[in-house]
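Novice: Those sequence lines, one after another, are chains W and A. Everything in the first sequence is counted per our numbering, starting at 1 for the first residue and increasing by one. Everything in the second sequence is counted per our numbering, starting at 1 for the first residue and increasing by one.
Read the hints as simulated data drawn from the structure, not as lab findings. Just so it is clear, CB atoms sit at the ideal spot from N, CA and C, and this is done for glycine as well. There may be inaccurate statements among the hints.
Computed spacing ranges between beta-carbons, pair by pair [as the list claims (entries may be wrong)]: (1) Arg16(W) - Asn22(A): 27 to 33 Å; (2) Gln59(W) - Pro81(A): 21 to 27 Å; (3) Trp22(W) - Gly95(A): 24 to 30 Å; (4) Glu14(W) - Leu75(A): 44 to 50 Å; (5) Gln31(A) - Gly28(W): 20 to 26 Å; (6) Ser69(A) - Gln59(W): 26 to 32 Å.
Dumping the calculated BS3-like pairs for lysine-lysine here, alpha-carbon to alpha-carbon at most 27 Å [claimed, not checked]: (7) Lys67(A) - Lys44(W); (8) Lys71(W) - Lys98(A); (9) Lys83(W) - Lys62(W); (10) Lys44(W) - Lys110(A).
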Amino acid sequence: EAGVAQSPRYKIIEKRQSVAFWCNPISGHATLYWYQQILGQGPKLLIQFQNNGVVDDSQLPKDRFSAERLKGVDSTLKIQPAKLEDSAVYLCASSLLLGDTQYFGPGTRLTVL
Amino acid sequence: QKEVEQNSGPLSVPEGAIASLNCTYSDRGSQSFFWYRQYSGKSPELIMFIYSNGDKEDGRFTAQLNKASQYVSLLIRDSQPSDSATYLCAVLNTGGFKTIFGAGTRLFVKA
């Protein structure tokens, strides 16, 4: 069974630029999560989808972050414009159902200069 | 008060010893509890989960849950250097739709 795929693995941009991350969950998994993990901290949930509907986006900075999951499969997370404090690893995870074990992708390490 | 609290460590134990990792949570109606392991530079991976009060064993790992005290722990017996990692406690909220992660405890097992 293929795992969660993410791209790119690394990205370096300057502040005020835009960036997009892509995630393809495990086949059949209804729930998809985007997390931000800053060095030394636990993953912080940004947004959670159930199929193509948003379950929770309470911690998503909506003035600069956006995410979509068209057709209920893969998803993109966008940051526009980026700030220095957005430097982090962005993790995508999926689970079969809401509340189930989450399987994480390899993450995208973002550096904002 | 943080929703899920863990001692950041580092916790250092000798090889072969028992490592005890602790986690407290604030949502009294929390339903499920997960322990994930995260190696440096890698993504979290599930070690085990627990739903009911008491102990749950899986190989060298034992999860313990006490809902009355809002406390969950992970014991690692016969600790190995390969167990050196950050251990994340994750708690599923009352509504059963949102999982909150703690900041993690760093564990070092000395050979």
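Novice: Now tell me if each hint is right for this structure.
Specialist: Tested hints:
1. Checked against the hint of 27 to 33 Å, the C-beta distance between Arg16(W) and Asn22(A) comes to roughly 42 Å, which is inconsistent with it.
2. At roughly 36 Å, the beta carbons of Gln59(W) and Pro81(A) sit outside the given window of 21 to 27 Å.
3. For Trp22(W) and Gly95(A), the Cβ-Cβ distance of about 29 Å falls inside the hinted range of 24 to 30 Å, so the restraint holds.
4. Roughly 47 Å separates the CB atoms of Glu14(W) and Leu75(A), a value that falls within the hinted 44 to 50 Å.
5. Between Gln31(A) and Gly28(W) the beta carbons are some 23 Å apart, a value that agrees with the proposed interval 20 to 26 Å.
6. Checked against the given bound of 26 to 32 Å, the beta carbons of Ser69(A) and Gln59(W), roughly 28 Å apart, stay inside it.
7. For the hint linking Lys67(A) to Lys44(W), the alpha-carbon distance of about 24 Å falls within 27 Å, and the restraint holds.
8. Between Lys71(W) and Lys98(A) the CA atoms are separated by roughly 22 Å; this keeps the pair inside 27 Å, and the hint holds.
9. Restraint check for Lys83(W) and Lys62(W): the C-alpha separation of about 14 Å stays at or below 27 Å, so the hint holds.
10. Taking the CA atoms of Lys44(W) and Lys110(A), the gap is about 30 Å. The hint is violated against a cut of 27 Å.
Violated hints, in rising order: 1, 2 and 10; the structure is consistent with all others.
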